[in-house]
Amino acid sequence: MLTFLAKRTATLVAAVLLSSYAVFLIPYVTPGDPVRKIIRSRVAGDVVDDSTVKALSESLGLQDPLPIQYLRWLGDFFTGDMGLSHVSRTPVADQVIPALGITLSLVIVALGTAVLVALPLGIIAALRQGGKVDKLITTITQSFIAMPEYWLAPLLVLVFALKLSLLPSAGWSTPASMVLPAATLALRPISFFTSAVRSGVIDALQAEHIPAARARGLSRTQTILHHVVPNGLVPLSTLFAVWFAGLLGGSVIVEVIFAIPGMGRLLYDAVINSDIPLAQGGVVLVVGLAVAITTLADFLHRILSPKVGGTLA
Amino acid sequence: MRKWPAIDAAAVVILILAVAAVAAAPWLAPFPPDEQNLAARLAAPGGAHPLGTDHLGRDTLSRLLDGGRFSMLVAALATVLTGVIGLSIGILSARRKGWLDEFFTRTNDVLLALPEMVVALFIVAAMGTGFTSLLVALTVTGWTPFARLARTLAYDVSARGFVEAARVVGCPPSFIIFRHVLPHLAAPMLGQATLRFGQLLISVGALSYLGLGVQPPQSDWGSMLAAAQPYAERAPWGILAPGLAIFVIALCVTLIGQRAARRAADPIDAIVTEGQHA
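Chains as they are written, first to last, in our numbering: chain A, 1 to 313; chain B, 1001 to 1278.
In case anyone wonders, no lab produced these hints; they're calculated from the structure.
Honestly, I wouldn't trust all of these hints.
[To be verified] Derived DEER-like restraints, expressed as beta-carbon distance ranges:
(1) S88/A / G1128/B: 18 to 28 Å
(2) G130/A / D1156/B: 41 to 51 Å
(3) V29/A / R1167/B: 42 to 52 Å
(4) L1042/B / A259/A: 20 to 30 Å
(5) P1230/B / H301/A: 19 to 29 Å
(6) P1032/B / G61/A: 24 to 34 Å
(7) Q1215/B / L5/A: 22 to 32 Å
(8) Y28/A / E1164/B: 44 to 54 Å
(9) R1096/B / R220/A: 46 to 56 Å
(10) I1014/B / G130/A: 20 to 30 Å
(11) A93/A / E1164/B: 52 to 62 Å
(12) Y28/A / V1013/B: 46 to 56 Å
(13) N1037/B / V48/A: 24 to 34 Å
Bear in mind the structure is a predicted one, so any value in this text is a computation, not a measurement.
Cβ atoms here follow ideal geometry from the backbone N, Cα and C, with glycine treated the same way.
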């Protein structure tokens, strides 16, 4: 367990360092003068003349070797100084933190919905394994994998916003405006969650303590509720963490379609407008969080099911 | 060979027809895909335009066929590229073991944790839009499922008696890989490739939808959807056709891929297929 902890933590640190170094290099690999791009993310006013550029380049340490500049940049980043956005000219930190909050609430609502839908579906399918109900649930939920979000969202908008006028077609101000984006985002996780719950419950049903519990006189319902369902939930918990991490930046399409000012939309805008500091701040934050969440989920998984072993876990 | 269920057989037929239609697009399409007819803007399906027209009066069916070539070609290229990379890394990990295996497994874990779309956005930010960056964006994270599968299977087969026997009688590693390991991996890897093709088709569409994939004047199903969306209320057929195309193709390959994966997981089936390949 300790070596596992140490290895995982080392991987986490290495991953964050490597990906943030790649992000740090963006001004150097994109077209244009890297020095001017970096100055623009550090100094509020417009700098045009060469002598000021030269002076600033020296005072900001832009002549130092890249690894040293990187360490300084990373240090600034972790103390909350992510530079100035090239477009809005305001601090990047003031934009990424609220955006992250909005995306977090969107992802929690979407994944919560997915769990509420997938749990009963998966349990019913498992209890009727091989039957008509199981086949129906499995076929329908698995077809969700093939549904592109950028098709589902316009269809939902067309039906529920434009034709029926039941829900707003965009925005992020009222609970009603959360319905369509959360539904769009929940569809694919429902597919994966249902299949995980189903196979988890099927496995749990075959365990030897089930007939033992029945022999002790527990009713079928009690046995299922106390012995089958909890064991069936273990695979779901891991999958939930993976999706949670993935959707932090993976909700780009939904946020763009529904005009939600979250992290995905921010990253998209940053790329479209070549707003390097904004893209850097967003990517490092999202990647760092995603890697941290999956590592944490791995630890939890180890604690919940000690039988899991091997490097592939 | 077991009897194919009707739904899987239908998936194969639809897929073959779609590939044939897209390949024959220049001959099948009733109009050139870029021909504008401002007199027939947002025309409803019927008559000369079986699937209607878009906001510039371009024929939706012709654009669907032409755009499909791009979408399917890029998805297929990315599938082959990620498949070959993943297969090589997976076999290398399983055969060499030690620090190399550890390194690739860790890299795999980390890439799995990264949101695919953020990686794609990062690559477009660094490389700009275009065909190459589209392919790179899909490949950087796309090889991991293949590597995972290939590694597990290569480990399994390497522990079998016949591999040990081949090694003992002095067969070179290349012989063992080509004669024993690869045939064992072929069926499950093809199943995985089929599944991944569907997901990559959706990802290509996603990047094009956002304007980060295909660049005008070329169009694909994702960019067609994006262009039709402002007119969704007046001309819903514009968003129906390309979206349905992606959904149906992705659904067909998913069904076929899942069938292949089930067969590969079934030991009796596996013996039969192994016998056929050996």
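Hints versus structure:
1. S88/A / G1128/B: 18 to 28 Å: With Cβ atoms ~23 Å apart, the hint holds.
2. G130/A / D1156/B: 41 to 51 Å: violated (28 Å)
3. V29/A / R1167/B: 42 to 52 Å: holds (46 Å)
4. L1042/B / A259/A: 20 to 30 Å: holds (24 Å)
5. P1230/B / H301/A: 19 to 29 Å: Because 45 Å falls outside the window, the suggested range is violated.
6. P1032/B / G61/A: 24 to 34 Å: For P1032/B and G61/A the Cβ distance comes to about 57 Å; the hint is violated.
7. Q1215/B / L5/A: 22 to 32 Å: violated (47 Å)
8. Y28/A / E1164/B: 44 to 54 Å: holds (51 Å)
9. R1096/B / R220/A: 46 to 56 Å: holds (51 Å)
10. I1014/B / G130/A: 20 to 30 Å: holds (27 Å)
11. A93/A / E1164/B: 52 to 62 Å: holds (59 Å)
12. Y28/A / V1013/B: 46 to 56 Å: Since Y28/A and V1013/B have Cβ atoms about 52 Å apart, the given range 46 to 56 Å holds.
13. N1037/B / V48/A: 24 to 34 Å: violated (49 Å)
Figure legend: structure checked against the earlier numbered hints; hints not met, in rising order: 2, 5, 6, 7 and 13.
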